[in-house]
Amino acid sequence: MPETVINDEKYFYSIREVAQHLGVSETLLRYWEKQFPKQIAPKKIGNGVRQYTKEDIAKIRIVYDLVKVRGLKLAAAREVLKQNKQGTAQPFEALQRLRKIREELVAMKRALGSM
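Mapping of the sequence shown onto the numbering used here: residues 1 to 115, in sequence order.
Just so you know, not all the hints are guaranteed correct.
As the list claims (entries may be wrong) - Ranges between beta-carbon positions, derived for each pair:
1. Glu-9 / Ala-41: 20 to 28 Å
2. Ala-111 / Thr-27: 18 to 26 Å
3. Pro-37 / Leu-98: 29 to 37 Å
These are calculated hints, taken from the structure and not from any lab test.
Computed from a predicted model, the values in this text were never measured in an experiment.
In this text, a Cβ means the ideal position worked out from N, Cα and C, and glycines have one as well.
Generate the whole structure from the sequences, applying the supplied hints.
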């Protein structure tokens with residue numbers, strides 16, 4: 001999953017920032033909001049402008065993992081989220097940490113190989 005840095009000082013993020021952070025389109029985020037209304041429900045201000053919190057982004061990451069990474073159909077992803085509200089987030093977070101560790105190890109291997 002492409003990932004830009006989310007500014008820790010901000011509390012709310014625009015749909016554009018979230019889309020860029022996750023490497024998806026704004027249209028896809030709006031679609032997922034309709035398909036997963038219990039999980040993805042950003043705050044809306046004037047003119048329907050969406051404001052996402054870090055918690056909202058974490059929930060979207062879980063949907064991304066289920067649909068884009070694991071390849072589940074939307075109905076199957078909804079069922080997983082319905083049956084396993086907490087359990088889905090924990091493996092996802094562990095997977096993200098393991099991916100970062102792998103990237104660091106590959107970089108170390110390359111550095112050692114060039115010596």
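Hints, one by one, checked against the model:
1. Glu-9 / Ala-41: 20 to 28 Å: At 23 Å between Cβs, range holds.
2. Ala-111 / Thr-27: 18 to 26 Å: Roughly 40 Å apart at Cβ, these two residues miss the hinted range, so it is violated.
3. Pro-37 / Leu-98: 29 to 37 Å: holds, 31 Å
Violated hint for the displayed structure: number 2, the only one.
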